[in-house]
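Protein chains: 2
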Amino acid sequence: MSHPHPELTPPPPLPEGGLRVVALGGLGEVGRNMAVLEFGGRLLVVDCGVLFPEDHQPGVDLILPDFDYIRDRLDDIEAIVLTHGHEDHIGAVPYLLRLRSDIPLVGSQLTLAFVEAKLKEHRITPVTLAVREGQVEHLGVFECEFVAVNHSIPDALAVAVTTPAGTVLHTGDFKMDQLPLDGRITDLRAFARLGEKGVDLFMVDSTNAEVPGFVAPERGIGPVLDGVFAESSKRIIVASFASHVHRVQQVLDAAAAHGRRVALVGRSMVRNMAIAADLGYLKVPAGVLVDLKAVDDLPDDEVVLMCTGSQGEPMAALSRMANNDHKVSVGAGDTVILASSLIPGNENAVFRVINGLTRLGARVVHSGNAKVHVSGHASAGELLYCYNILRPRNVMPVHGEVRHLVANGALAVQTGVPADRVVLAEDGVVVDLVDGRASVVGAVPCGYVYVDGSSVGGITEAELKDRRILGDEGFISIFAVVSSADGKVLAGPQIHARGFAEQDDVFEDILPELTRTLEDAIAQGATDTHQLQQIMRRVVGRWVSGRLRRRPMIIPVVVEA
Amino acid sequence: MSHPHPELTPPPPLPEGGLRVVALGGLGEVGRNMAVLEFGGRLLVVDCGVLFPEDHQPGVDLILPDFDYIRDRLDDIEAIVLTHGHEDHIGAVPYLLRLRSDIPLVGSQLTLAFVEAKLKEHRITPVTLAVREGQVEHLGVFECEFVAVNHSIPDALAVAVTTPAGTVLHTGDFKMDQLPLDGRITDLRAFARLGEKGVDLFMVDSTNAEVPGFVAPERGIGPVLDGVFAESSKRIIVASFASHVHRVQQVLDAAAAHGRRVALVGRSMVRNMAIAADLGYLKVPAGVLVDLKAVDDLPDDEVVLMCTGSQGEPMAALSRMANNDHKVSVGAGDTVILASSLIPGNENAVFRVINGLTRLGARVVHSGNAKVHVSGHASAGELLYCYNILRPRNVMPVHGEVRHLVANGALAVQTGVPADRVVLAEDGVVVDLVDGRASVVGAVPCGYVYVDGSSVGGITEAELKDRRILGDEGFISIFAVVSSADGKVLAGPQIHARGFAEQDDVFEDILPELTRTLEDAIAQGATDTHQLQQIMRRVVGRWVSGRLRRRPMIIPVVVEA
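Keeping their order, the protein sequence lines are chains A and B.
Here this note's numbering is used: the first residue of the first sequence is 23, the next is one more, and so on.
Here this note's numbering is used: the first residue of the second sequence is 23, the next is one more, and so on.
I should point out that these hints are in silico values taken from the structure, not numbers from a laboratory.
Keep in mind it's a predicted model, so treat the numbers as computed, not measured.
Heads up, some of the hints might be wrong.
Pairs involving identical chains hold if they fit within one copy or between any two copies, as the list cannot separate such chains.
Listed next, the in silico SDA-like pairs over lysine to any residue satisfying Cα-Cα at most 25 Å (straight line) [what the hints assert, rightly or not]:
| # | residue 1 | residue 2 |
| --- | --- | --- |
| 1 | Lys219 | Glu38 |
| 2 | Lys393 | Ala432 |
| 3 | Lys305 | Arg293 |
| 4 | Lys140 | Glu483 |
| 5 | Lys256 | Gly480 |
| 6 | Lys305 | Pro239 |
| 7 | Lys487 | Asn346 |
| 8 | Lys393 | Glu335 |
| 9 | Lys487 | Asn345 |
| 10 | Lys349 | Gly244 |
| 11 | Lys393 | Ala316 |
| 12 | Lys256 | Ala432 |
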């Protein structure tokens, strides 16, 4: 297998009749998924999602795919195909449509409904084309056949893109639950038919490639919920993802079966489930849904709260309940169910929530102590089925960190795909499909694009480093007014510090030396305020690291009066 | 079970003949373990460890138990009993000995050797008393019998403390591996004998109380290592905890069996294994250990590097190898084994390391894809054995977050301990054992004590909040020199900002308005610089939140010329 090539050079021109694939996100991280296909000078975008920041990216709101590669070619884009409605696949659409608002959005009914609700908040009305599984659309030079796949959100699609260069099958996110709640399975018949015709490049979800075996059916969660509901004599609070229609469906069904009413909590939960119910994806048992305001009038054993915050998000309802600062107060005997995965990096936040709820006397049921969650992504066993039924000519693992991509590639090789036909690419790596063979031909710049307050792309690693220093070490500002004419410090030096254990007065110890050093410097002819500022920085910096053992950010300002 | 009581009041005096137990750390967190036992006006301390900070505690080096409760009673302390040599049990000893350096340290040979090495770095020579399992020592009024327990470090001890008030059995950290490498099992015979005599209070490790079943034997890891070694044709790098003597032992044995030499990497790894080898706890096969400098001269298939950094610590050797900035360069065909647990909160850092090593072409074996780690703490199945063999009169779960303590208490109740005899306490909660009955009688203040640079206890939640704001939102300092006499701004206003996406010049847009507002204020009679500073803060704050959508820390300084 060809390993990722961080050191690649710019690619040569795309040969006549060849297809080019460049991922602008999603290869090397789980998030901001976006692939750009090119044929005959025209472009097709598959997905356009966001990535959520980690702790070493303080203050960052969102991370976007890097649009630089297509910024000057926006008019060449035929359409954006959206495989499903998760944030890591649709979240960046508003930012791309800001560059060109009339790029057609192509996706299933539910996917488009979710993205349109999001675009409304950005005051954008998109051009859309709704498609169903089995449908074939010619998007310019790209013939797209849409294939039903099963995932943790309804109405997900894979897309087979055919051009004279061959057929690319992009799975989007998928698993192969054989008994899904809505009966809509991943269409292996279509996979088989496409395989018979020949799949030249298979772009396949890698998220669970490291996980052996098969994902348990979503259906298996219902009986577990039933059991928990049966044991609960007081209120039940369930937290899950705001787009997991089938998980919410099973909570509604369990509530109906146990004579409980359900109030939805959290803006995104309320909005998404309203959409899903309108379109018929969520089947609400008669009279089960009630308004949050109404639950206070219901006895505890008739109440279910369905909320967000299963990842410990501090502002979400569940975290605030755990901290006892939410209008819903959790107490002894209440049951809280975290019907969700624990996304890596969120452990401390989630355990803080579990500890807080436990301290309040609640029983907390979570994937660590009960089968209340199944993954939405195919495990190794399912991926092997796909490789064997498709027998793709070339494989490009997508949607994962490097460890996931490598594990997925290894599965392909185990099923007989030649190692030199497995392309391991990262964001920005250029893969050309020419004469039925996919290969890495170069790379284009592809950085992290940070959304930060009102700024998109303004923050760089340098500012993040500044923030980490500010957060870890604090800062000191020093201010002095000098008159180089009479060689005196007229006002100050004043020191203002934040983020220190010590009170401000500790810094008074250094002021006399600071004044002396400044006046000496002026006496020796230093007039340039920049030079005097460097002196202040050096004196205070040395003193702080010796006395306080810290290396804060220091901002010296000298004003000449 | 009595739940934790955050709202408790100060305790009444300890009744004549009663025993008092107060944990100053370790109840409500995994770390900074410390329990204070009191009888007849005398104190016995069990363990004195550190807690490592989380991401919401930026810049903090360590977290200590809160010594305030004993600060005025240091002379009443008979001794500090150290159950084993892990940082979360011995790490805070230097800070307590700074308050009174001649408090005797009581522990096993290896435990004392580890703590003495640490104290040496703090230039403290302690008074020590080495004890062995089976030994009985009278530490003032406290009769202490030491009992062998099995853990992830050799020579761990439980301690049974008998006073006229009854017998307290404190397990320290333990599990019940029935076939440990060193043959030193947890002494259930002693547990049984103590149970027959009567254990009035059982203070028991809760870490794995939520985990059903039993911990697999450490011995089972050897064959897994053997298999990985057999498949490896190039270098092997193993990362684990620097105090895990038995894990290192198995790596040395596997290396010897496969004709490889082992170089220890990392200061703590080198230091601890030298101590363990000197004292005979680590049995080094002849000629297996080599110096790191020597490995360059060895063929790849004869090299093993045993290093620290299994938790993704950025400065540790392994992280630097993953970033390709360590003298040991990892390449295609190398094998890296993370023979360790994944401590919650470290996931992102560890996965960054795994991805980095994978990108370099290494095969990474970790507890997620192979049985290369077992826990050091008893699971639910083992704890049930303990409760049944001891039949304690009262139970106080220790060593865990609230969720762990509650789960452990539930196990006690399942074995027949009356629910009202299970005391769920958090740090600072006062538990009195009087007439054979343990109960919560109050609480003393017990905060987090942060070690931060040279400051111990100086940092409060307020400074941490400042740091989080600085890190997330950045800061702005504003300077102006004014003359209220002639109502003018003589110099400035100048704005200096850090942590922003925008360049400094963006702030020039606000300067005219700022000057105008200041001069208006002076014209209207404002002379107090504090008042003018508030005006600058308000003007800039409003502008920044509107224009940049951020809420930075703002430091305004006005000087009257």
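Hint check:
no.	hint	in the structure
1	Lys219 - Glu38	within (23 Å within a copy, 89 Å between copies)
2	Lys393 - Ala432	between (29 Å within a copy, 20 Å between copies)
3	Lys305 - Arg293	within (15 Å within a copy, 64 Å between copies)
4	Lys140 - Glu483	neither (29 Å within a copy, 37 Å between copies)
5	Lys256 - Gly480	neither (50 Å within a copy, 44 Å between copies)
6	Lys305 - Pro239	within (19 Å within a copy, 49 Å between copies)
7	Lys487 - Asn346	between (35 Å within a copy, 20 Å between copies)
8	Lys393 - Glu335	within (22 Å within a copy, 32 Å between copies)
9	Lys487 - Asn345	between (31 Å within a copy, 17 Å between copies)
10	Lys349 - Gly244	neither (29 Å within a copy, 54 Å between copies)
11	Lys393 - Ala316	neither (31 Å within a copy, 51 Å between copies)
12	Lys256 - Ala432	between (49 Å within a copy, 20 Å between copies)
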